[in-house]
Amino acid sequence: MDILVLSRLQFALTTVFHFFFVPLSVGLAIAVAIMQTLYYVKKQEIYKDMARFWGKIFVLSFVVGVVTGIIQEFQFGMNWSEYSRFVGDIFGVPLAIEALLAFFIESTFIGLWIFGWNKFRKGVHLSFIWLVAIGSTLSAFWILAANSFMQQPGGYVIENGRAILNNFSYLFTNPYLWLQFPHMWFGALLTAGCLIAGLSALKLLQNKDTAFFKKSFNFSLVLILVGGILVSGVGHTQTQRLLNIQPMKFAAMEALYENSEDPASLAIIAGIDEANQKRSWDLSLRYLLSLLSFNSTSGAVDGMHTVNQQFEQEYGPGDYYPPVTTMFWSFRIMTAGAAALLLLGAIGAFLSRKKLLEKNRWYLYAMGLPSRFLSF
Amino acid sequence: MNLQELWFVLIAVLFIGFFFLEGFDFGVGMATRLITKSRAERDQLVRTIGPFWDGNEVWLLTAGGAIFAAFPHWYATLFSGYYIPLVIVLLALIIRGVSFEFRNKMITEKGRNVWDWGLFIGSLLPPFLLGVLFTSMVKGMPIDANMNMYAGFLDYISLYSIVGGVAVTLLCLLHGLNFISLRTLGDVRERATALSKKLYLLLYAGLAAFALLTFLYTDFFKVRPVVIVAILALIVIASIIAHYSVSRKKEAVSFALSGLTLCLVVVLLFSGLFPRVMVSSLDPAYNMTIYASSSSQYTLGLMTKVAVIILPFVLAYQIWSYYVFRQRVTRTIDAAE
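Chains A and B, in that order, give the protein sequences.
Just remember that our numbering sits 1156 ahead of the position in the first sequence, which is counted from 1.
265 is the number that our numbering gives to position 272 of the second sequence; each next residue is one higher, with no gaps.
Just so you know, the hints here were simulated from the structure itself, not pulled from any lab data.
Wrong hints could be hidden among the right ones.
Per the computed footprint, the stretches of chain A lying under chain B, defined by three or more beta-carbons under 8 Å from a beta-carbon of chain B, are [claimed, not checked]:
(1) 1206 to 1220
(2) 1236 to 1242
(3) 1254 to 1267
(4) 1270 to 1281
(5) 1321 to 1335
DMTMM-like cross-link-like pairs, simulated, lysine to aspartate or glutamate; straight-line CA separation at most 20 Å [claimed, not checked]:
(6) A:Lys1212 to B:Glu183
(7) A:Lys1212 to B:Asp148
(8) B:Lys98 to A:Asp1205
Quantities reported herein were computed from a predicted structural model and do not represent experimental measurements.
All C-beta atoms, glycine included, are put in the ideal place defined by N, C-alpha and C.
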């Protein structure tokens, strides 16, 4: 393995590990803030207990997210210094704003929130957790602004071999950002909902604090259903956008080497032979890819061979094929995971309404711990 | 003052904020192994920084982000050139950060001890390595014409950088001890004061060595003799008054002055460096200056507006958070907490 591969692996590892905690923290901050608001409005102790209990888990996740996040900010310079030189004029801006605007707020007010339960008036203390929630949402916004610039660049010129920013507002009005950010944010709600639901289900199985965990479970269902439905909707739109701005990524996600037929069929699963650049077998549904791509029963999608030819004309000869197997399967695991979680949430809502929750132990097992790891 | 100069100053200000604030919470982390006799006392020390350490650490992150945005070449050369030390700093900060949460959540005594040691080591390594980093950086590192640094072990580690690392660590420890004296009640307060008093004698030796080695290893005294001598004098005066205040139990004064000493060290390093950001040991022509390393005027102007608008708010609410938790921390958690 050469240095480049190792660096990419390192970036993937540190980012994925960091990202176990980030959506969880963003979502749990919102969840705990809502719980504490319910306590403030309804004045029932159980909401305070919920805010404190789930708040502890939130703080754990938050701390790990913070310290693994420092790596993220440093490793652009440590491993990708040439990239940093090339794009620092633009890329550094959202990172610095993220630190100034978001990190300071969240990390200062989380201290006030943790240590301030008996020190402040209820309303003031409530405002702290909301500031933490807003801070963590803002930090997600600005780091995704940096990432969206990489996905769909704009507002810059190339001067002396470096990218130079000439339109700041592009960074936060980037149309891709306004799909990616809500996708992440609703995904965060779904993740937090699944964690609360999963742990509550485990506790219900043990018959511990049934009233508390039933209430928590019902609360989490709202997050799962709202987050799950909206993340799917936004995700669908975001994927359609890729068709225009990143046709190669889109084709790779579908493992389409040749152009599709018209109407295009979607491979539910497929064997991918990357060495010979073809699918060895697939299980496909007719019309589905046209339907998903164009909201229509007709329309063909360009395959990677076609896109590669276009890229060669535009950027010069080269091999522009991404790692197809990884993209094909990670995309499917993500969408199937979201669908499964949404289904579990819907069943949970049904059982909870019918007051059958504790009797269905199989359901509680299914909702238990593994659910948390599926959502991202 | 042009924008490059302004941002050089702003980045110095961010490091000053970092060393003043995180300096004492590094020091408190080290003190948990030096002046405590029980778990309850260690908990007491941790509670003095509990609400603050995370907000303090953001100053380092912001300094990193600001270097990236304002001086991308400095960011690229510095961070890739100091790869190994920075990896260790990052790992130490990770262990330290999670230990604040994990040390109380362990079921066994052994588990709690592991994370207590994590807190100690995680508080000791970063100031030492950042001290090594900054001193070796001002001494000069092998940076070539393409702004790439290919350094070996002896470039990072010299007598000067070791003394620099120890000096920064010692200053953080003293700052932390003075913070403990100011913020606690009971035995730890007395022990912190007593240790601080002794360590100032060591600091004088360290500062003398540091000043001498700065003269031998850097061109600081050639570049701006008056300023450098003046700052060194201020550092010594601040240390002496701080030492005197520790003996007289003027805790607020000694804390403010140990913080000031750390700030002055940052000022010293940045003044000697200006207008360079990195010194090349290969050829002075390869020295990286603020002008050749900076972002465009558009980005610098934009970031100036952002910083001028946001930083006052940050300072205001961070100062407020210290104000509301100004009550001294006791060994047992009192009812009000």
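**Request:** Compare the structure with the hints numbered earlier in the document and write down the numbers of the violated ones, lowest to highest.
**Result:** 6 and 7
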